[in-house]
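Colleague: With chain L fixed as given, assemble chain W onto it according to the hints.
Those protein sequences? They're chains L and W, same order as listed. Here the first sequence is numbered in the UniProt record's numbering, starting from 1 and rising by one per residue. Here the second sequence is numbered in the UniProt record's numbering, starting from 1 and rising by one per residue.
Be aware that one or more of the hints could be misleading.
Claimed, not checked - 27 Å max Cα-Cα, derived DSSO-like pairs, lysine-lysine:
#, chain 1, residue 1, chain 2, residue 2
1, W, Lys157, L, Lys77
2, L, Lys130, L, Lys4
3, L, Lys101, L, Lys130
4, W, Lys151, L, Lys77
5, L, Lys4, W, Lys151
6, L, Lys150, L, Lys130
7, W, Lys151, L, Lys69
8, L, Lys160, L, Lys130
9, L, Lys101, L, Lys129
10, W, Lys75, L, Lys72
11, L, Lys69, L, Lys88
By construction, these hints were calculated from the structure, which means they are not laboratory data.
Here are the chains, one letter per residue:
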Amino acid sequence: MSNKVSRRQFMSYTLMGTGGFMASAMLMPMIRFAIDPVLQSSDGGDFIPTPQKVDELTETPVRVDFTIKDRKDAWYKSDVANTAWVYKDGDTVIALSPVCKHLGCTVNWSGDESHPNEYFCPCHGGRYKKNGENVPGTPPTGPLDEYEVKVEGGLVYLGKTIPNTLV
Amino acid sequence: MLNKIYDWVDERLDITPIWRDIADHEVPEHVNPAHHFSAFIYCFGGLTFFVTVIQILSGMFLTMYYTPDIENAWKSVYYLQNEVAFGEIVRGMHHWGASLVIVMMFLHTLRVFFTGSYKKPRELNWVVGVLIFVTMLGLGFTGYLLPWDMKAVFATKVGIEIAASVPFIGEWIKILLAGDSTILGAQTLTRFFAIHVFFLPAALLGLLAAHFIMIRRQGISGPL
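This is chain L alone, in the form it adopts within the complex (with noise of 0.2 Å):
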């Protein structure tokens, strides 16, 4: 096998070579603009004021509205509305998302009849324990996630949803 390098593969690297820099000197600020959401870092996420009392929670959860001021999604800002279930361990204040998570539907406290005192989902029967825990043999495969909370001014904030930490 000879090394040498013949007129017509010189070319044809030199042009590919050329070609492939051109190219690439196109595509790449608009591949890096196409997939700037991914690399976009995610905020701490501030704690949001709840309207809910700490002296008014019991160990049964209740449902806890509240709305997101001016949540800013890239170019729109808007109002958006979000729910948590919040109830009191000892002196610890809990509170989890209500987003299921077989498929994101919206689980309710003790929302079926013959299932009383968990958290039930319309959508597959998927149940919830108090603490967010999955009961086996529904379709749920993880507990319910958990809001980061703060208490202030006897009020409830709540920040961002992270893994469940009590199961």
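Modeller: What follows is chain W alone, placed relative to chain L:
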């Protein structure tokens, strides 16, 4: 590696004649800048096509963020230019490329005119070329409105008034363009967007195909 993949496909589909037919053709001496530097004037058509490819690519990427709605158009352009990585570059490519296409196309037209390349048997290709010219101007006109800033709106207002001055059918053209007999607004923007992104590019691709098929069939015109 690449050679092996190519051979594997070629053995089954016999693709070599297809690309040979497109790519393998001699460049006559009088249009080759390596022989006579002044022959660079024969590059203007190819350069126009090159910039057009950049326009199509950058335009495709811009629509990932752009919103053709009077409430959000300007905001989405501001967002993609200032908050998305390389947004300034990609929008800049489309913005400056738009002017460059017109310049290159004009130079190409001058070259064809002064070398007499429009003469028999190439009259039809000249006609198609003029249609491409009009399509490009249409793309420039409709694209100018899309950022929905003051300059865009008032330039379009003037443009539509000019269209309305056509005898007899001017009023209809105006309503067809603006989508309303008096307002330049929501419907104008969506119409211009549709024309800019779907209708004119489709027409342009068809015309370019005809342009290129004709040049391959007839060959480049002879030396002066």
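Colleague: Each hint needs a verdict: does it hold in this structure or not?
Modeller: A quick look at each hint next to the structure:
no.: 1; hint: Lys157(W) to Lys77(L); verdict: 30 Å, violated
no.: 2; hint: Lys130(L) to Lys4(L); verdict: 76 Å, violated
no.: 3; hint: Lys101(L) to Lys130(L); verdict: 15 Å, holds
no.: 4; hint: Lys151(W) to Lys77(L); verdict: 26 Å, holds
no.: 5; hint: Lys4(L) to Lys151(W); verdict: 61 Å, violated
no.: 6; hint: Lys150(L) to Lys130(L); verdict: 20 Å, holds
no.: 7; hint: Lys151(W) to Lys69(L); verdict: 33 Å, violated
no.: 8; hint: Lys160(L) to Lys130(L); verdict: 20 Å, holds
no.: 9; hint: Lys101(L) to Lys129(L); verdict: 13 Å, holds
no.: 10; hint: Lys75(W) to Lys72(L); verdict: 13 Å, holds
no.: 11; hint: Lys69(L) to Lys88(L); verdict: 26 Å, holds
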